[in-house]
Amino acid sequence: MTGIVEISQVWKTYRMGAEDVHALRGVSVSVPEGQYIAIMGASGSGKSTLLNLLGCLDRPTSGTYHLGGEDVSRLGDDQLSFIRSSKIGFIFQSYNLIQQLTVVENIEVPLYYQGWSERDSLERATALAEVVGLSNRVNHRPTELSGGQQQRVAIARALANDPLIMLADEPTGNLDSHTGSDILRLLDQLQAQGKTIITVTHDERVANHAERIIRLADGEIAEERAGRQP
Amino acid sequence: MISFQLKRTFLAGVKSLWLHKLRSVLTVLGMVCGVCAVIIMLAVGEGAKFEAQEQLKQLGSTNIIVKAVKPPEDKTSTTGITNVAQFGLTYDDLERMVETLPNVQVAVPTRKIPKTVGNGARTLDTSVMGTVPWLPTVMNRKVAVGRFLSSTDMRYLRNVCVLEQPVANTLFPFKDAMGQAVRIDGNYYRVVGIMEPVAPPKMPKAGADKSDGPTGIYLPLTTVRARFGETLVTMSSGSFQREQVEIHEIVVSVPAMEQVEKTAAAVQQIMERFHNKKDFVMVVPLELIRAAEKAKRRDQILLGCIAAISLLVGGIGIMNIMLASVTERTREIGIRRALGAKKRHIISQFLTEAALLSGFGGAIGVVVGIIVAWLIGYFMTTTTIVVFWSPALSFSISVTIGLAFGIYPAYRAAEMDPIEALRHE
Chain A
1 MTGIVEISQV WKTYRMGAED VHALRGVSVS VPEGQYIAIM GASGSGKSTL
51 LNLLGCLDRP TSGTYHLGGE DVSRLGDDQL SFIRSSKIGF IFQSYNLIQQ
101 LTVVENIEVP LYYQGWSERD SLERATALAE VVGLSNRVNH RPTELSGGQQ
151 QRVAIARALA NDPLIMLADE PTGNLDSHTG SDILRLLDQL QAQGKTIITV
201 THDERVANHA ERIIRLADGE IAEERAGRQP
Chain B
1 MISFQLKRTF LAGVKSLWLH KLRSVLTVLG MVCGVCAVII MLAVGEGAKF
51 EAQEQLKQLG STNIIVKAVK PPEDKTSTTG ITNVAQFGLT YDDLERMVET
101 LPNVQVAVPT RKIPKTVGNG ARTLDTSVMG TVPWLPTVMN RKVAVGRFLS
151 STDMRYLRNV CVLEQPVANT LFPFKDAMGQ AVRIDGNYYR VVGIMEPVAP
201 PKMPKAGADK SDGPTGIYLP LTTVRARFGE TLVTMSSGSF QREQVEIHEI
251 VVSVPAMEQV EKTAAAVQQI MERFHNKKDF VMVVPLELIR AAEKAKRRDQ
301 ILLGCIAAIS LLVGGIGIMN IMLASVTERT REIGIRRALG AKKRHIISQF
351 LTEAALLSGF GGAIGVVVGI IVAWLIGYFM TTTTIVVFWS PALSFSISVT
401 IGLAFGIYPA YRAAEMDPIE ALRHE
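As given, the protein sequences belong to chains A and B, one line each in that order.
Residue numbers for the first sequence, in my numbering: 1 to 230.
Residue numbers for the second sequence, in my numbering: 1 to 425.
These are calculated hints, taken from the structure and not from any lab test.
One should not assume that every hint holds.
Calculated pairs, DSBU-like style, for lysine-lysine (alpha carbon to alpha carbon, straight line, at most 35 Å) [said to hold, decoys possible]:
(1) B:15 x B:57
(2) B:278 x B:294
(3) B:112 x B:70
(4) B:57 x B:278
(5) B:15 x A:87
(6) B:342 x A:87
(7) A:87 x B:343
(8) B:49 x B:142
(9) B:49 x B:262
(10) B:7 x A:87
(11) B:342 x B:112
(12) B:262 x B:294
Pairwise CB distance ranges (calculated) [stated by the list, open to error]:
(13) B:21 x A:126: 27 to 33 Å
(14) A:119 x B:18: 21 to 27 Å
(15) A:114 x B:328: 37 to 43 Å
(16) B:371 x A:133: 52 to 58 Å
Chain B is faced by these chain A residues, among others (derived, beta-carbon under 7 Å) [said to hold, decoys possible]:
(17) 22
(18) 26
(19) 57
(20) 75
(21) 78
(22) 84
(23) 90
(24) 100
(25) 109
(26) 112
(27) 113
Backbone N, C-alpha and C fix where the C-beta goes; we use that ideal spot for every residue, glycine too.
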């Protein structure tokens, strides 16, 4: 139990009518701090379910999930919300920025739910916009930005609460290959700074940026191999 | 920190409402009507209360007025040649009331004789009222200049008089009436006082007998008896008509409002026993005002119903639009939840929006309501008064309704599954 993420024998079962569907069948993963790991698999392999569990959006039917040494597999809704706001950074395929908020306000959202003061949160959000190279766009709205820029805002937002793990769900899925590789490079840089990154993808090139690749099939780990060496 | 959260929630609410300006405005129309109706209802209510108080002040809430009326014509026409219509209140009536009714504090008898009064060439047809010195106290009147009649005037049958303001103005337009002489039937009466005018009552049906304030000349009752006798001779269409009336009006005053009704019943009994002909009417100001108040209250209930229905419709409108907004923003809710928003954060966000929406409608309603209330007071006979707390009250009602009807949509938003919400297109 040394990893920052410790999943052991996790099952996730959905009831579909009279039948039980097992999305995950006893998955165990341990991710040490600072590792860049990719989860691959065809659709229906359970990788989205695993991502939701890792992101504390859902609870396993059985098995345990320790995040940073804390058992989060049986927490209540409010406590899970707190874990998400303090320990997890999400990066989505479709960026998921809030349309009516500006760039800086979008970055501030997780800080706001953590109860930061207005001045501190503005300061941090501005600094993060600079980190992702958008310091000249802080007062723009998402609709005024390109896809790559939007994903950068999303990454800045994921970094805002200084999370234990960053979860990226097909981070380049909506981008052309050029901007996609920019984003991947940004993630590489973040890992170089010591961030733990878990990315879910079906794209080999995206997965190859990770040090470790896990392939899921039918809710079980089918293959585990090393990726790019740091 | 808390204030920052509040500010952010507030600003976010304003922003998302601003995003749908037309929709927001249309949504709050029901709320505007409701709040408007509340303001008007309160204004009419306050106005009615004010009017009633004014009326009571004028007529005296503790007074019972008994008036002489000519009984139906058939009796007098058969009396033949003498043709003296004998009716009205008598000195005996007055004495009976004062002596037998324990609650009666004081009674004011008045003889009212239509006369032509003059000052030199200026003449005026008005009524000469023989009365007693304590009339101002009982009738709640004030003497503007000089004094009212005194008991000495009564005892010595002095030729003095007190004028109502309109009479003084007509007879002595260019000089002070005080100390001047007024001619009535060849005799002269010195003016010793002038009454302070009273504002005309706004409710005509509850008013006394004149529409535009009291008029006439007051003389000591004893003087009137001595000078003019008990029989009035009037000429009408070529024939003389003679009436014999001792007292035209008696105002009975009791110490407290609670005794008015009982005493009025007792006065009625006494009067009925000694008057076979129906030659008197009773006016109880308190009853009149109560009746007027009841009518006003009916108006108020109607307005209250309109207000309640409008507020309900307004609330449903807000709930409807909030539900639409929640569905529309499912994804935003998912994002916020994923980024760490607790259920209560989502609830407070949508409740704030609902409250803002209804508060906005309430504010418009307050403004429109005050204007309409003023217009009603200006163009109609109804008095309307917007008291300082009525805008505050109606505004908070609107916000409360917004919150109440926003609870369900906000709850729906908070109960969404974040994973489903994130996947929502």
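Each hint, compared with the structure:
1. Taking the CA atoms of residue 15 of chain B and residue 57 of chain B, the gap is about 55 Å. The hint is violated against a cut of 35 Å.
2. A C-alpha spacing of about 29 Å is found between residue 278 of chain B and residue 294 of chain B, which places the hinted pair at or below 35 Å, so the restraint holds.
3. A C-alpha spacing of about 14 Å is found between residue 112 of chain B and residue 70 of chain B, which places the hinted pair at or below 35 Å, so the restraint holds.
4. Note on residue 57 of chain B and residue 278 of chain B: the hinted pairing holds, with a Cα-Cα distance of about 30 Å set against a maximum of 35 Å.
5. For the suggested pair residue 15 of chain B and residue 87 of chain A, the alpha carbons sit about 29 Å apart, so the restraint of at most 35 Å is met.
6. Using a Cα cut-off of 35 Å, the hinted pair residue 342 of chain B and residue 87 of chain A holds, with the two alpha carbons roughly 15 Å apart.
7. Straight-line distance between C-alpha atoms of residue 87 of chain A and residue 343 of chain B comes to about 18 Å, which keeps the hinted pair within the 35 Å bound.
8. Restraint check for residue 49 of chain B and residue 142 of chain B: the C-alpha separation of about 23 Å stays at or below 35 Å, so the hint holds.
9. Restraint check for residue 49 of chain B and residue 262 of chain B: satisfied, since their Cα atoms lie roughly 24 Å apart, inside the 35 Å limit.
10. Distance restraint check for residue 7 of chain B and residue 87 of chain A: the Cα-Cα separation of roughly 26 Å lies within the 35 Å cut-off, and the hinted pair is therefore satisfied.
11. A C-alpha spacing of about 84 Å is found between residue 342 of chain B and residue 112 of chain B, which places the hinted pair above 35 Å, so the restraint is violated.
12. Restraint check: the Cα-Cα separation between residue 262 of chain B and residue 294 of chain B comes to about 20 Å, which is no more than 35 Å; the hinted pair holds.
13. Checking the proposed 27 to 33 Å range against residue 21 of chain B and residue 126 of chain A shows it holds: the Cβ atoms sit about 30 Å from each other.
14. For the hinted restraint 21 to 27 Å between residue 119 of chain A and residue 18 of chain B, the CB-CB distance of approximately 25 Å keeps it satisfied.
15. For residue 114 of chain A and residue 328 of chain B, the Cβ-Cβ distance of about 27 Å falls outside the hinted range of 37 to 43 Å, so the restraint is violated.
16. A C-beta distance of roughly 55 Å is found between residue 371 of chain B and residue 133 of chain A, which places it inside the suggested range of 52 to 58 Å.
17. Given hint, residue 22 of chain A at the interface with chain B, is violated; its Cβ is 17 Å from that chain's nearest Cβ, farther than 7 Å.
18. Violation of the interface hint for residue 26 of chain A is found here, the shortest Cβ-Cβ separation to chain B being roughly 21 Å, above the 7 Å cut-off.
19. Contact between residue 57 of chain A and chain B, as hinted, is supported at the beta carbon level, the nearest pair being about 5 Å apart and thus within 7 Å.
20. At about 12 Å, the closest approach between the beta carbon of residue 75 of chain A and any beta carbon in chain B exceeds 7 Å, and the interface hint on this residue is violated.
21. Interface hint status for residue 78 of chain A: upheld, as the beta-carbon distance to the closest one in chain B is roughly 5 Å, under 7 Å.
22. Among the interface hints, the one on residue 84 of chain A holds; its C-beta lies about 5 Å from the nearest C-beta in chain B, closer than the 7 Å criterion.
23. Checking residue 90 of chain A against chain B by beta carbon gives a least distance of about 5 Å; that is within 7 Å, so the hint holds.
24. The beta carbon of residue 100 of chain A is positioned within 7 Å of a beta carbon in chain B (closest approach about 5 Å), and the interface hint is therefore held.
25. The restraint placing residue 109 of chain A at the interface with chain B holds, with a minimum CB-CB distance near 5 Å, inside the 7 Å limit.
26. Satisfaction of the interface hint for residue 112 of chain A is found here, the shortest Cβ-Cβ separation to chain B being roughly 6 Å, below the 7 Å cut-off.
27. Among the interface hints, the one on residue 113 of chain A holds; its C-beta lies about 4 Å from the nearest C-beta in chain B, closer than the 7 Å criterion.
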